[in-house]
Amino acid sequence: MAYMIKAEDCTGCGSCEFECPNRAVRMKGDIYVINPDKCTECVGKFDAPQCVAACPNDAVVHA
Amino acid sequence: MEQKVVSLESLGRTSAARSGPPACAIGDCGTPRKGGSAELPEHVREKIKEHPCYSEDAHHFFARIHVAVAPACNIQCNYCNRKYDCSNESRPGVVSERLSPEQAVRKVKAVAAAMPNLSVVGIAGPGDALADHRRTFETFRLLRETLPDLTLCLSTNGLALPDHIDDIRAAGVDHVTVTLNAVDPHVAEGIYAWIFWDHARRTGLEAARILIERQLQGIEMLTAAGVLVKINSVMIPGVNDGHLEAVNVAVKERGAFLHNVMPLISDPAHGTHYGLTGQRGPTPAELKTLQDRMGDGAKLMKHCRQCRADAVGLLGEDKSQQFGLDALPENPQIDPEKRAAYRAIVEKEREDRRKEAADARAAIRRFGPLEPMLVAVSSKGGGRVNQHFGHAREFQIFEVSEAGARFTGHRRVDRYCAGGEGEDDVLDATLMALDGVGAILTAKIGRCPRQRLADAGIAVVDDFAFDYVETAIARWLAARAAEEDTARIA
Ligand code: SF4
Ligand code: SF4
Numbered sequence: 001m002a003y004m005i006k007a008e009d010c011t012g013c014g015s016c017e018f019e020c021p022n023r024a025v026r027m028k029g030d031i032y033v034i035n036p037d038k039c040t041e042c043v044g045k046f047d048a049p050q051c052v053a054a055c056p057n058d059a060v061v062h063a
Numbered sequence: 001m002e003q004k005v006v007s008l009e010s011l012g013r014t015s016a017a018r019s020g021p022p023a024c025a026i027g028d029c030g031t032p033r034k035g036g037s038a039e040l041p042e043h044v045r046e047k048i049k050e051h052p053c054y055s056e057d058a059h060h061f062f063a064r065i066h067v068a069v070a071p072a073c074n075i076q077c078n079y080c081n082r083k084y085d086c087s088n089e090s091r092p093g094v095v096s097e098r099l100s101p102e103q104a105v106r107k108v109k110a111v112a113a114a115m116p117n118l119s120v121v122g123i124a125g126p127g128d129a130l131a132d133h134r135r136t137f138e139t140f141r142l143l144r145e146t147l148p149d150l151t152l153c154l155s156t157n158g159l160a161l162p163d164h165i166d167d168i169r170a171a172g173v174d175h176v177t178v179t180l181n182a183v184d185p186h187v188a189e190g191i192y193a194w195i196f197w198d199h200a201r202r203t204g205l206e207a208a209r210i211l212i213e214r215q216l217q218g219i220e221m222l223t224a225a226g227v228l229v230k231i232n233s234v235m236i237p238g239v240n241d242g243h244l245e246a247v248n249v250a251v252k253e254r255g256a257f258l259h260n261v262m263p264l265i266s267d268p269a270h271g272t273h274y275g276l277t278g279q280r281g282p283t284p285a286e287l288k289t290l291q292d293r294m295g296d297g298a299k300l301m302k303h304c305r306q307c308r309a310d311a312v313g314l315l316g317e318d319k320s321q322q323f324g325l326d327a328l329p330e331n332p333q334i335d336p337e338k339r340a341a342y343r344a345i346v347e348k349e350r351e352d353r354r355k356e357a358a359d360a361r362a363a364i365r366r367f368g369p370l371e372p373m374l375v376a377v378s379s380k381g382g383g384r385v386n387q388h389f390g391h392a393r394e395f396q397i398f399e400v401s402e403a404g405a406r407f408t409g410h411r412r413v414d415r416y417c418a419g420g421e422g423e424d425d426v427l428d429a430t431l432m433a434l435d436g437v438g439a440i441l442t443a444k445i446g447r448c449p450r451q452r453l454a455d456a457g458i459a460v461v462d463d464f465a466f467d468y469v470e471t472a473i474a475r476w477l478a479a480r481a482a483e484e485d486t487a488r489i490a
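Residue numbers (the working numbering), protein chains in the order written: chain A, 1 to 63; chain B, 1 to 490.
No wet-lab data here; the hints were simulated from the structure.
The reader is advised that the hints may include incorrect statements.
Pairwise CB distance ranges (calculated) [claimed, not checked]:
(1) B:D425 with A:M27: 43 to 51 angstroms
(2) A:R26 with B:D149: 35 to 43 angstroms
(3) B:G278 with A:D9: 20 to 28 angstroms
(4) A:D9 with B:R45: 32 to 40 angstroms
(5) B:D292 with A:A48: 28 to 36 angstroms
(6) A:T40 with B:G172: 34 to 42 angstroms
We put the CB at the ideal spot given by N, CA and C, even for glycine.
Only chain A is shown next, with the shape it has when bound in the complex (with noise of 0.2 angstroms):
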């Protein structure tokens, strides 16, 4: 259960890091990587996956 980034489409703008309540999003050089034993999918929390929900870019999708 987690999400993943699409590198090709981040720009590295790190709304999905501020975004996540987990701390489960992290810098990897220029963009960002969900690390899949922390991302939740905002389950019990939000109504939609934060992370998704806040990227200008479509870079996050399902893992």
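The hints should help you fit chain B with the ligands onto chain A, whose structure is shown.
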């Protein structure tokens, strides 16, 4: 490195032709012009006198740096696409380099060491300064510690603004720019694709309503807290152009200090929604008509250059390329004496200019044309006619009539002179950019462009090089009137 501050030499010089005051100064009663800074309360004048974006006068002398520490954004505007980052571009939302707060401070120190006229550090993106606010306020905190004499400012879309008034005050930020394109949700709906607010992406009217409510609330809270607020509005023909007067009224009511209407920059190559759907930007004439309709000089800013989020230098120039992270010196030394010396010279310049201005104004009123005419000026700073035609990347446009000379904005052009050669196709574009202009005042101009401009019906004037702009206009009008008299007698 090219000259980075208005050179002291260029400030001191005057045209060789000077002989006495521009014309007999009749009947200047000394009343401050309506809308001039004389109307501002003392504490506000003190705050803005070194801020190039808030004071038309300061922008001739003082430089700013934007540090691109805020890439995250919480809304999607139809005129923005942060995916493409091209170093040839000059528009808000674009940067070539992203900085951590620590890197930002290093860069500011290097620029302050190289430019004694640096007075302002702003955070304006490339996303929204208050989206990932941690980075923004950490940067301000570090800057306050290391360079306490710099003025701090930030730009925001306003969505998160009401949540951060205390942070803004605690950081010592006393200038905030809010981009506000509409106060009617039905208009705003066409400008924003979505907002991310309260943990959800919202679209359409709902998004527009929330955004406007938050923006106006934030503006009210800022002005109540004594922070100077400038409003930026992007003029989008057919979308909000007819609505911006209402925006102007709304922000004045809430105590905004300045309102800056800027033209939409739209090009399919930018990949923005507007670019891709063929939404055009306004022509210079449309922009000016709207600004004229909105009237009221004190509240309308016309010298904005729509800087990139990493711009460095005087407004209208951008030295960001020279201050890339790799190029920064290890331990830049800031010389407080140089900074103080520069400020002293600027004070003197301003005093001189004020002294000349009264005479110049009287002459313009006496010799100015009945019908307003547009005069273009090439200047590289200091409020003087001190740039060669071929070096100009922009012209200042003044509307000159019996009523006086009124600065109305800038027109951008490409540099005509490249490596000693004039470029003909550039000249064609320049002539188009100068549409409607009746005369051009410049420090120097080559034979060929002079002829082309004259053929296009533009009077070319280079007799008043290095004069203050108002003085140059006054002297040119007086000379023109004298010539006409001679012609009449003969
Ligand atoms: S889905 Fe939620 S928990 Fe997972 S990475 Fe995105 S924001 Fe974090
Ligand atoms: S929000 Fe999207 S573009 Fe921005 S860093 Fe995250 S995945 Fe990349």
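Tested hints:
1. B:D425 with A:M27: 43 to 51 angstroms: 45 angstroms, holds
2. A:R26 with B:D149: 35 to 43 angstroms: 37 angstroms, holds
3. B:G278 with A:D9: 20 to 28 angstroms: 25 angstroms, holds
4. A:D9 with B:R45: 32 to 40 angstroms: 48 angstroms, violated
5. B:D292 with A:A48: 28 to 36 angstroms: 46 angstroms, violated
6. A:T40 with B:G172: 34 to 42 angstroms: Taking Cβ atoms as reference, A:T40 and B:G172 lie about 39 angstroms apart, which means the hint holds.
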